[in-house]
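Protein chains: 2
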Amino acid sequence: MAAEALREQAELVRRMKQDKAEPDMVAKEVAKLLEMKAELGGDEGKHKFVLKNPKGTRDYGPKQMAIRERVFNAIITCFKRHGAEVIDTPVFELKETLTGKYGEDSKLIYDLKDQGGELLSLRYDLTVPFARYLAMNKITNIKRYHIAKVYRRDNPAMTRGRYREFYQCDFDIAGQFDPMIPDAECLKIVHEILSDLQLGDFLIKVNDRRILDGMFAVCGVPDSKFRTICSSVDKLDKMPWEEVRSEMVGEKGLSPEAADRIGEYVQLHGGMDLIEQLLQDPKLSQNKMAKEGLEDMKLLFEYLTLFGITGKVSFDLSLARGLDYYTGVIYEAVLLQQQNNHGEESVGVGSVAGGGRYDGLVGMFDPKGRKVPCVGVSIGIERIFSILEQKLEASEEKIRTTETQVLVASAQKKLLEERLKLVSELWDAGIKAEVLYKKNPKLLNQLQYCEDTGIPLVAIVGEQELKDGVVKLRIVATREEVNIRRESLVEEIRRQTSQP
Amino acid sequence: MAAEALREQAELVRRMKQDKAEPDMVAKEVAKLLEMKAELGGDEGKHKFVLKNPKGTRDYGPKQMAIRERVFNAIITCFKRHGAEVIDTPVFELKETLTGKYGEDSKLIYDLKDQGGELLSLRYDLTVPFARYLAMNKITNIKRYHIAKVYRRDNPAMTRGRYREFYQCDFDIAGQFDPMIPDAECLKIVHEILSDLQLGDFLIKVNDRRILDGMFAVCGVPDSKFRTICSSVDKLDKMPWEEVRSEMVGEKGLSPEAADRIGEYVQLHGGMDLIEQLLQDPKLSQNKMAKEGLEDMKLLFEYLTLFGITGKVSFDLSLARGLDYYTGVIYEAVLLQQQNNHGEESVGVGSVAGGGRYDGLVGMFDPKGRKVPCVGVSIGIERIFSILEQKLEASEEKIRTTETQVLVASAQKKLLEERLKLVSELWDAGIKAEVLYKKNPKLLNQLQYCEDTGIPLVAIVGEQELKDGVVKLRIVATREEVNIRRESLVEEIRRQTSQP
Chain A
1 MAAEALREQA ELVRRMKQDK AEPDMVAKEV AKLLEMKAEL GGDEGKHKFV LKNPKGTRDY
61 GPKQMAIRER VFNAIITCFK RHGAEVIDTP VFELKETLTG KYGEDSKLIY DLKDQGGELL
121 SLRYDLTVPF ARYLAMNKIT NIKRYHIAKV YRRDNPAMTR GRYREFYQCD FDIAGQFDPM
181 IPDAECLKIV HEILSDLQLG DFLIKVNDRR ILDGMFAVCG VPDSKFRTIC SSVDKLDKMP
241 WEEVRSEMVG EKGLSPEAAD RIGEYVQLHG GMDLIEQLLQ DPKLSQNKMA KEGLEDMKLL
301 FEYLTLFGIT GKVSFDLSLA RGLDYYTGVI YEAVLLQQQN NHGEESVGVG SVAGGGRYDG
361 LVGMFDPKGR KVPCVGVSIG IERIFSILEQ KLEASEEKIR TTETQVLVAS AQKKLLEERL
421 KLVSELWDAG IKAEVLYKKN PKLLNQLQYC EDTGIPLVAI VGEQELKDGV VKLRIVATRE
481 EVNIRRESLV EEIRRQTSQP
Chain B
1001 MAAEALREQA ELVRRMKQDK AEPDMVAKEV AKLLEMKAEL GGDEGKHKFV LKNPKGTRDY
1061 GPKQMAIRER VFNAIITCFK RHGAEVIDTP VFELKETLTG KYGEDSKLIY DLKDQGGELL
1121 SLRYDLTVPF ARYLAMNKIT NIKRYHIAKV YRRDNPAMTR GRYREFYQCD FDIAGQFDPM
1181 IPDAECLKIV HEILSDLQLG DFLIKVNDRR ILDGMFAVCG VPDSKFRTIC SSVDKLDKMP
1241 WEEVRSEMVG EKGLSPEAAD RIGEYVQLHG GMDLIEQLLQ DPKLSQNKMA KEGLEDMKLL
1301 FEYLTLFGIT GKVSFDLSLA RGLDYYTGVI YEAVLLQQQN NHGEESVGVG SVAGGGRYDG
1361 LVGMFDPKGR KVPCVGVSIG IERIFSILEQ KLEASEEKIR TTETQVLVAS AQKKLLEERL
1421 KLVSELWDAG IKAEVLYKKN PKLLNQLQYC EDTGIPLVAI VGEQELKDGV VKLRIVATRE
1481 EVNIRRESLV EEIRRQTSQP
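Top line first, the protein sequences correspond to chains A and B. Residues 1 to 500 in this note's numbering are what the first sequence lists, from first letter to last. Residues 1001 to 1500 in this note's numbering are what the second sequence lists, from first letter to last.
Simulated from the structure, these hints should not be mistaken for laboratory data. Where hints are given, some of them may not hold.
[Unchecked claim] Restraint-style ranges between C-beta atoms, simulated for each label pair:
no. : chain 1 : residue 1 : chain 2 : residue 2 : range
1   : A       : 467       : B       : 1478      : 25 to 35 Å
2   : B       : 1442      : A       : 370       : 17 to 27 Å
3   : A       : 160       : B       : 1371      : 36 to 46 Å
4   : A       : 370       : B       : 1444      : 20 to 30 Å
5   : B       : 1077      : A       : 80        : 16 to 26 Å
6   : A       : 160       : B       : 1251      : 54 to 64 Å
7   : A       : 322       : B       : 1077      : 49 to 59 Å
8   : B       : 1444      : A       : 69        : 37 to 47 Å
9   : A       : 80        : B       : 1394      : 22 to 32 Å
10  : B       : 1198      : A       : 80        : 17 to 27 Å
11  : B       : 1076      : A       : 276       : 46 to 56 Å
[As the list claims (entries may be wrong)] Per the computed footprint, the stretches of chain A lying under chain B, defined by three or more beta-carbons under 8 Å from a beta-carbon of chain B, are:
no. : region
12  : 72–85
13  : 114–120
14  : 172–179
15  : 354–360
16  : 397–405
17  : 410–424
Backbone N, C-alpha and C define an ideal beta-carbon position, used for all residues, glycine too.
This is chain A alone, in the form it adopts within the complex (with noise of 0.2 Å):
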């Protein structure tokens, strides 16, 4: 493949020269044959194979596994006090399901190869997928949860947890109810994962779509430029306020005043007190958006006081997010660290948990347009993974890999047989059970793959127990053994490892 790579560039080198074209253009791509031709090693006909994963993807080993399964319990195990089901949807979908959704980030969806039949695009995000499978099946009305990759062909940045396949945990709740009552309940439920999963101090800082275009309208932000205002403001955890006024005025061609007046606005973040401030605003009460907005604000922070989570939550101007297709409320979450010991403001390390209601999506799937009004979150769990392996890392927690209770072993020669019938009258009886696949192991390499994997029994048969009708348990931690009937072997297991 590397060598076929080789030699079409040879010809493109070849046929540029022939065709007198720009010797800077040449020059290039004589450069790019030469690189790659260092590639092969000099060697065009032998090929050099290279053994990796693709660019901005990563395998999960044991250990990784074993953390990521403990993060994925405790979100599935709130996702479940909260009374959602599950659902799947396939990894790709048809390519017409994801246009139109995503605005410029339309780019980083990856295609697939035009193989005869469908056109298919792998899956962006899961909250797409999730609007055409509730208007495919009429669906009004679901509370459900879905885990799963998706794909962005967006640079990565893997040690900060950046990657192009990543897992999203989405929670949403579709139907037609009471203004507010989901969506307190969605940030209830980022409180309680980030909560369980002890990252560290957090904030959840929370906007409406209705109040930034309403603040954009009294600004004097014409209808055209809302979106793309939107975006500049979006970058305000990232940028300065200056930078972001520059880009508005500079390359988004807004008067200077707007841009100043929407400065103030984005400054401000609070609770409730900031709230009723901005509904005494002489302009944005005046605007029939920003006090939609503003009114389900407090509805909002009143149910977040009942559930006694508004210390975390921070209603924040400046909080815009990119997605184009969100109405209404929107929010994230960010961790907070402490700068340094001198008692200085915390700053926040990025987001790990985002979200908003989207009342328009499955709307644009319904052949009729019946819209079903959504709210969701969706957690970050790239970021938290990588935060946590850092964390075991750092800490002396050895992580095991596997669950097995006991090891079956012997300290004698041709037990091979026993320890056979031995460990499969432990699995036929449910016990986690291991042996070695050596016809002859030595008992210290048997004791030593307990120190190894953590297993923290070894049942060891000898000719004198199989004599007397008894197997012999020791305690890998305390090295104790105990001779115990081969009849009470598997309820003694059962006693040793039952957690306290």
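Chain B: place on chain A using the hints.
Same frame as chain A, but now just chain B:
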């Protein structure tokens, strides 16, 4: 999109006419054009969006997911009982990684579009990614399972559980061990899983590639025809011998005498007695490979006897299996179905598990060709789902799709806040609880919701209960109601919903 395709097709027809292309061809393209027009409802401008998921794939709704989770749990429990770790790999691999591993079936691989960067393909199975993972990480010793979706552009037969996207559940043991011990454990695992799932009677057929190759040699098959004759033998589970014979002789140019000799061998199936008989076979026992295979088969059956599972294992000389990479023992489990009630022979309804030994695959990825012997088994989950889905539909059993223990309800109006407060208390105590997202739901609707979704308990708050510091707990099944002090509610819900 469809309108665009239509325009392109019309342009094609126009050009063909202009170029005076063959009338037959033009007619074909015109027909295609008319078909596309009809699909668009005769209105070129109006886009008709097709609301469906890709061919050969399906969504899993909450009910299907409930069944799927039961099956996965049974399988994972078994894999963990045998001390397996778990890994995960990306859904796509470098195209090159899959090249040359699947023989003729390579045409079924899904490729990704070349969007710049690496050429990628969706994984076709979990075995090749596993081998790539071992070689890349220089792992020479692991027992792991991997449950994930794989992709094949095959003709789907969805009612029989054949999809283009489907799950594989793989368990493999890699490492240099004493002969046939891991191989026997794989068969024990198949036996345990199929017994646990209660799918009805089953049979595990076993053979060995070395016995097959030895048999071909002594029957007079030329070396160069081994693989192609092997793939003819592989069809014996779907075709009668006469057809397979005529394929061998007619299409593949084997001598009739050689075919007839094969015909005698492939009828044979049995247990230890057959192995002993073939070890005495004057021709077969003279062939080195066959002899090795038969001696290992004898050892395997000795171990299977210790595991107590020979009753469902049959040494079957007609078992061949399609994949190229097997090097030793191979096996396949089929479900048996009583054809009628007159005691006639039971017939297989298809393979639900298969696997074997592949000692050369990892070496194909290692730069120095270092081999890591492997043996494994793959559980064919989709067919098992289909069977269980049909079984459950036929039965009256109602499947719960949530685990909610209690619905927080109210009999009077204006108690939304009290309901939210209580449900939040329950969530914080780890109780699985729901509340209807209505300000003033009717009690009847709340009770109906419990009936519909199988929630066993209702916690009812009312003015009087609030004053008295109690909650009325209703058991949905018996309609029994009892006042519980608020501080004892969590405990009482746990007591009522704990599994007996």
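For each hint, the structure was consulted:
Between residue 467 of chain A and residue 1478 of chain B the beta carbons are some 57 Å apart, a value that contradicts the proposed interval 25 to 35 Å. The beta-carbon spacing between residue 1442 of chain B and residue 370 of chain A, approximately 25 Å, falls within the hinted interval of 17 to 27 Å. At about 38 Å, the CB distance of residue 160 of chain A to residue 1371 of chain B agrees with the hint of 36 to 46 Å. Range check, residue 370 of chain A to residue 1444 of chain B: Cβ separation about 27 Å, and the 20 to 30 Å hint holds.
Between residue 1077 of chain B and residue 80 of chain A the CB atoms are about 19 Å apart, so this pair conforms to the stated range of 16 to 26 Å. Our hint of 54 to 64 Å for residue 160 of chain A and residue 1251 of chain B holds, since their Cβ atoms are close to 58 Å apart. As the Cβ distance of residue 322 of chain A to residue 1077 of chain B is approximately 42 Å, the hint placing it in 49 to 59 Å is violated. For residue 1444 of chain B and residue 69 of chain A, the hinted distance range of 37 to 47 Å is satisfied, since their beta carbons lie about 42 Å from each other.
A beta carbon spacing of about 28 Å between residue 80 of chain A and residue 1394 of chain B agrees with the range 22 to 32 Å that was offered as a hint. Restraint check, residue 1198 of chain B to residue 80 of chain A: a C-beta distance of roughly 26 Å satisfies the suggested window 17 to 27 Å. For the hinted restraint 46 to 56 Å between residue 1076 of chain B and residue 276 of chain A, the CB-CB distance of approximately 52 Å keeps it satisfied. Counting residues of the region 72–85 of chain A whose CB lies closer than 8 Å to any CB of chain B gives 6, so the stated coverage by that chain holds, three being the minimum.
Counting residues of the region 114–120 of chain A whose CB lies closer than 8 Å to any CB of chain B gives 5, so the stated coverage by that chain holds, three being the minimum. Here's how the region 172–179 of chain A fares: 4 of its residues keep a CB closer than 8 Å to some CB of chain B, so the rule of at least three is met and the hint holds. For the region 354–360 of chain A, the assignment as covered by chain B is violated, since 0 residues bring a beta-carbon within under 8 Å of that chain's beta-carbons and 3 are needed. Counting residues of the region 397–405 of chain A whose beta-carbon sits less than 8 Å from any beta-carbon of chain B gives 4, enough to reach three: the coverage restraint holds.
Judged by the Cβ-Cβ criterion of 8 Å, the region 410–424 of chain A is covered by chain B as claimed, because 5 of its residues qualify and three suffice.
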